[in-house]
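Student: Please construct the entire structure, taking both the sequences and the accompanying hints into account.
Residue 1 is where the sequence shown starts when you use the numbering used here, and the numbers rise one by one after that.
Hints are supplied without guarantee of correctness; some may be wrong.
[Said to hold, decoys possible] In silico DMTMM-like pairs for lysine to aspartate or glutamate, Cα to Cα no more than 20 Å straight-line: (1) Lys379 - Asp351; (2) Lys204 - Asp373; (3) Lys379 - Glu189; (4) Lys204 - Glu189; (5) Lys379 - Glu203; (6) Lys204 - Asp363; (7) Lys379 - Glu218; (8) Lys204 - Glu186; (9) Lys78 - Asp363; (10) Lys204 - Glu243; (11) Lys91 - Asp336; (12) Lys91 - Asp359; (13) Lys91 - Asp363; (14) Lys78 - Glu120.
Hints were generated in silico from the structure; no laboratory data involved.
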Amino acid sequence: MAPRVVSVEADGGSRGNPGPAGYGAVVRDAETGEVLAERSESLGTATNNVAEYQGLIAGLTAAAELGAAEVDVRMDSKLVVEQMCGRWQIKHPGLRPLAAQAAVLVGRFAAVRFAWIPREQNRHADALANAAMDAAAGRPPSAPKTGQPPATPSTGSDPATAPASWEPRPSFTATRLILVRHGETEYTEQRRYSGRGDVPLSEKGRAQVRATGARVAELAPSVGAVLSSPLSRCTATAASIAEALGGDVPVRTEDDLIECDFGQWEGRTFTEVRERWPGEMDAWLASPRIAPPGGESFTHVAERAHRVVTGLLTAYPGETVVVVSHVSPIKLMLRDALAAGDGFLHRLFLDAAGISVLDMWPDGGVAVRTVNDTAHLAKID
1 MAPRVVSVEA DGGSRGNPGP AGYGAVVRDA ETGEVLAERS ESLGTATNNV
51 AEYQGLIAGL TAAAELGAAE VDVRMDSKLV VEQMCGRWQI KHPGLRPLAA
101 QAAVLVGRFA AVRFAWIPRE QNRHADALAN AAMDAAAGRP PSAPKTGQPP
151 ATPSTGSDPA TAPASWEPRP SFTATRLILV RHGETEYTEQ RRYSGRGDVP
201 LSEKGRAQVR ATGARVAELA PSVGAVLSSP LSRCTATAAS IAEALGGDVP
251 VRTEDDLIEC DFGQWEGRTF TEVRERWPGE MDAWLASPRI APPGGESFTH
301 VAERAHRVVT GLLTAYPGET VVVVSHVSPI KLMLRDALAA GDGFLHRLFL
351 DAAGISVLDM WPDGGVAVRT VNDTAHLAKI D
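Tutor: See below:
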């Protein structure tokens, strides 16, 4: 019976950086510590970072072959751990394809947790990596550390193991997010703040979402999921899209996609708010950290939107996902995708039933394909 949880200890290195390089990886039963698999390979000439990523990839591959559901990754490479956790950017182009390959493997498991450990706690993988480096340099294997015989290395020829100065063309697939604002409501037409109030679609809004469903079906004949804010103006929009896609993809509601809570401004126009709360309005326009009286800040909405995007990239790698939400969450997703400043939030206009498209790669690359496409609404009065 395959263990549900395993640990992966991985290491890699080179003698010269770049120089003769190799990696080692050990998979253990997380509960008993029993060694379930070892992987070791020489890489020819490569850098330390390339070798460390290759060790991670080998360990995750072995864990997947064993049928594990969850993985605890332990490495003494701070760079690899921080980059795989998304806290550090992957600036070197030679590492991006390797990080992307590792990210795809991560997506195969129910959970993967990364932790940095000191080198002395990673001796088994270190011994395997050193034996592989010896083979790459044409030397006899180094003396193994007690109880940790090195596996017999082989010479790899994968282009991804080339020196970091070589820049391979990425072959991985982006996850596409089709972001759809809900159709028009009575509040939309009257330019009123519409946050948590469950205002239904208007007659025009219902016509808009039918056109939107047809447009999304043209853009994405195959969809992995349709997610929606729980408010009815979004679920009705999402249902129309799902129907246009053939009805095979159910609509799943996600609380984090709900609109910003505008507090005491709910249902009021900009002019009304400006007259009654001039100071609060100025502060709100000046900073995303400021919330309307009794409401929610854009900073908090951004945290929710980020959780949604991160979860989708993990759950649907390389697939297309339709996200039906409101102005604020969609603007914040676009702001982050475009690496724009906070002023972007009050300068971008999103129409009801408008469509925006993002492509997001496992290494952090982003391409904004479309913002607020409304061509499909041209024939609606």
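Student: For the pair supplied as a hint, lysine 204 and glutamate 189, confirm whether the alpha-carbon distance does not exceed 20 Å.
Tutor: Judged against 20 Å, a Cα distance of about 10 Å means the pair holds.
Student: Is lysine 204 close enough to glutamate 186, meaning Cα to Cα at most 20 Å?
Tutor: Status holds; Cα separation ~9 Å.
Student: Given the proposed pairing of lysine 91 with aspartate 336, does the C-alpha separation stay at or below 20 Å?
Tutor: Within the cut-off at roughly 18 Å; holds.
Student: Are the Cα atoms of lysine 91 and aspartate 359 separated by 20 Å or less?
Tutor: holds (19 Å)
Student: So if I understand the rule, the pair passes when the alpha-carbon distance is 20 Å or less; does lysine 204 with glutamate 243 pass?
Tutor: Between lysine 204 and glutamate 243 the Cα gap is close to 19 Å, so the pair holds against 20 Å.
Student: Lysine 379 and glutamate 203 were given as a pair; does the straight-line alpha-carbon distance stay at or below 20 Å?
Tutor: holds (15 Å)
Student: Mind checking the alpha carbons of lysine 379 and aspartate 351 for me, to see if they're no more than 20 Å apart?
Tutor: Holds, at about 15 Å.
Student: Quick one, are lysine 91 and aspartate 363 close enough, alpha carbons at most 20 Å?
Tutor: holds (10 Å)
Student: Quick one, are lysine 379 and glutamate 218 close enough, alpha carbons at most 20 Å?
Tutor: holds (17 Å)
Student: Keeping to a limit of 20 Å between CA atoms, is the pair of lysine 379 and glutamate 189 held or broken?
Tutor: Given that 20 Å is the threshold and the Cα spacing comes to 18 Å, the pair holds.
Student: Taking 20 Å as the top limit, are the C-alpha atoms of lysine 78 and aspartate 363 close enough?
Tutor: holds (17 Å)
Student: Going straight from one Cα to the other, do lysine 204 and aspartate 363 come out at no more than 20 Å?
Tutor: Violated - the C-alpha atoms of aspartate 363 and lysine 204 are around 41 Å apart, more than 20 Å.
Going down the numbered hints, you'll see the structure goes against just number 6.
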